[in-house]
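S.K.: Based on these hints, arrange chain W on the given structure of chain R.
One letter stands for each residue in the lines below.
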Amino acid sequence: MSESKIAIRVDDLTVAYNYKPVLWDIDLEVPEGVLMAIVGPNGAGKSTLIKSILGIIDPIAGSVSIYGKPYDKQRKLVAYVPQKGSVDWDFPTTALDVVMMGTYGKLGWIKRPGAKQKKAALEALEKVGMLPFKGRQISQLSGGQQQRVFLARALVQNAAIYFMDEPFQGVDATTEIAIINILKELRKAGKTVVVVHHDLQTVPEYFDWVTFLNVKKIATGPVKDIFNDDNLTKTYGINYKVAVNQ
Amino acid sequence: MDAQVEIQLIAAVVAIACAIPGVFLVLRKMALISDAISHSILPGIVIGFFITEDLNSPLLILLAALMGVITVVLVEAIQKTGLVKEDTAIGLVFPALFSIGVILIAKNANDVHLDVDAVLLGELAFAPFDRLIVSGTDIGPKSLWVMGAILLITIGMLFAFFKELKVSTFDAGLSAAMGFSPVVLHYGLMTVSSVTVVGAFEAVGAVLVVALMIAPAATAYLLTSDLKKMLVLSVIFGVFSAIAGYWVAHFLDASIAGSMTTVLGLVFLIVYLFAPNKGLIAVMYRQKQQRTEVSLLTFLLHLNNHEEKSERHVKHLNEHINWQKVRAKTVLDLAERNNLVRIDKNIVSLTTKGKEFTDLALEYIITNKDEKIEHMKDDFFLFRG
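Note that the protein sequences, when read in sequence, are chains R and W.
Taking the working numbering, the leading residue of the first sequence gets 1, the next gets one more, and so forth.
Taking the working numbering, the leading residue of the second sequence gets 1, the next gets one more, and so forth.
So that you can see chain R by itself, here it is in the shape it has in the complex:
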């Protein structure tokens, strides 16, 4: 690991909601080019970890760096896919328009997206197989299609690091396979992908890196080395087998 670059470094990160810690003293190093799952029980702080790395939530202690610099200097290197349920899908907009939003970050304040951004958005829609639905109102899409649109929006950001909050939640099997194939492609292209993940069974199949989290960090490293009963028990308690078989 020493020869590879560190994409994300988290030092002593502590986050609290109303003075109740949800993440406690997290240290984490994510090497460049891994496809990493963050796993842990409900309320373990998985989404909170991503959100505090991205500066959406202010930590009460600790720091985060992306390729050695604070996040706000490195925004353009990072793409983010929030949980599908965090937005209002009745918002008056189309699939294409949502993907276009992915280009806003690089444009910065005030500048408008133009033909170049539109072309990039159409290509991203094509990549996730959603081009035929580009003009459709987003509430008229199925759950899987909505998730693909979100993925396309991240792809159009053309980032070095991708954060995804439960991209497989509420999607059909076909979409799940389509998404994981795209994530594997990203890794092949040298990108770093961090995914909040719920389905423990698919961890060894989908990911090469894993972080166990339950308010505190339990373990992080290559799936083949650390995805074992010991860490699962430490993270989920003695009943983790129920979680695996869910």
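Source of the hints: derived by calculation from the structure; they are not laboratory data.
A virtual CB, placed ideally from N, CA and C, is assigned to each residue, including glycine.
One or more hints might be untrue.
[What the hints assert, rightly or not] Straight line, CA to CA, 25 Å or less: simulated SDA-like cross-link-like pairs of lysine to any residue: (1) 163(W) to 88(R); (2) 20(R) to 82(W); (3) 84(R) to 182(W); (4) 163(W) to 20(R); (5) 288(W) to 142(R); (6) 163(W) to 83(R); (7) 20(R) to 288(W); (8) 118(R) to 157(W); (9) 85(W) to 91(R).
[What the hints assert, rightly or not] Residues of chain W placed beyond 12 Å of chain R at every Cβ, according to the derived structure: (10) 180; (11) 282; (12) 291; (13) 333.
M.R.: This is chain W only, laid out in the frame that chain R set:
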């Protein structure tokens, strides 16, 4: 310009200036906040009026707009304690501030040309009397200039920050991650809304200003799935209701503000009933179609599952699917009309087309694979969205 034209012009400018921030308030599910702002700016207006003696003074507008922003801050602070929900916090803050304003007016009623009626309903009819005089020349009613300036600022902000407003309204998380601070945009929108409310306040009062912000946006929302079109439609509805309301008031010799609000309500009602996709009638029609198609599919499935003739006899169908005779007959007719079934000596069987339809529909319901039924979407409600 005669007073009639001036009043309509002021009403139209106010309507546009209100409709634009209104769209974002509606989409952010913050309609109630505009109600809170429109009331709690009152102490700002009263204090500003004591200082400047002029309802259209920029200082008064700034003071009052500041009260609007303070309202938002207070509501959020109370809500953050986690002891009460947002609507409760709103209900606590604005009456408190409004009543301070009311007391201030009552205490000074004798020296001040400002009364509670005017505050609630506005005095659009009197707006043309207050003229703006520049080096001896009358260049029009003051409130038209004030509202015009506010409108220009609003439009300028909308064009400059359209993309930022859109992304932070749709997805605050992404907006924050990209560096478009949702907090900054939120307070920007609140400031513009507050300034607009203050400017519109004198003309249309605290109650109508809420209607002008929320009703056009709510109406437009039912008609379009495009944010830009929603903005344009809101402006059109706002202006139409303002001018139509003026003429209703003119012929009925009634309150202008009241008539405008009534027209806004009527326009909303008409659109709510007749909007092509989201309207009540369209929705009911769609549900009826869907019910019919689910029945049709149930019926075809029954035929698919049963080889035995007794289960497929025309006369006994209703017993086997446990339907009323009329319903069974309607569905049977529908299936026959569409060549999905054929009837041979009173025994119903699926045609090839019917068999294909059933298989496809089943596969779609089980796998949710959209591409398979793409060609059916135009013909059957069941498979749309």
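S.K.: Indicate, hint by hint, whether the structure satisfies it.
M.R.: Results for each hint:
Distance hint between residue 163(W) and residue 88(R) is fulfilled; the C-alpha atoms sit about 17 Å from each other, no more than 25 Å. Our distance criterion of 25 Å between C-alpha atoms is met by residue 20(R) and residue 82(W), whose separation comes to about 13 Å. Pair hint residue 84(R) plus residue 182(W) holds up; C-alpha atoms about 19 Å apart against a cutoff of 25 Å. For the proposed pair residue 163(W) and residue 20(R), the alpha carbon gap of about 36 Å is over 25 Å, so the pair is violated.
With a CA separation close to 22 Å, the supplied pair residue 288(W) and residue 142(R) stays within the 25 Å bound. A hinted pair counts as satisfied when its Cα atoms are at most 25 Å apart, and residue 163(W) with residue 83(R) qualifies at roughly 21 Å. Taking the CA atoms of residue 20(R) and residue 288(W), the gap is near 51 Å; set against the 25 Å cutoff, the hint is violated. Between the alpha carbons of residue 118(R) and residue 157(W) the distance comes to roughly 24 Å, so the proposed pair stays at or under 25 Å and holds.
Taking the CA atoms of residue 85(W) and residue 91(R), the gap is about 24 Å. The hint holds against a cut of 25 Å. Not every beta carbon of chain R lies more than 12 Å from that of residue 180(W), the smallest distance being close to 7 Å; the non-interface claim is violated. Here residue 282(W) stays apart from chain R, with its beta-carbon at least about 14 Å from theirs, past the 12 Å limit. At roughly 20 Å from the closest C-beta of chain R, the C-beta of residue 291(W) stays outside 12 Å, upholding its exclusion from the interface.
Non-interface status of residue 333(W) relative to chain R is upheld: no Cβ of that chain comes within 12 Å, the nearest being about 31 Å off.
The structure shown violates the earlier hints numbered 4, 7 and 10.
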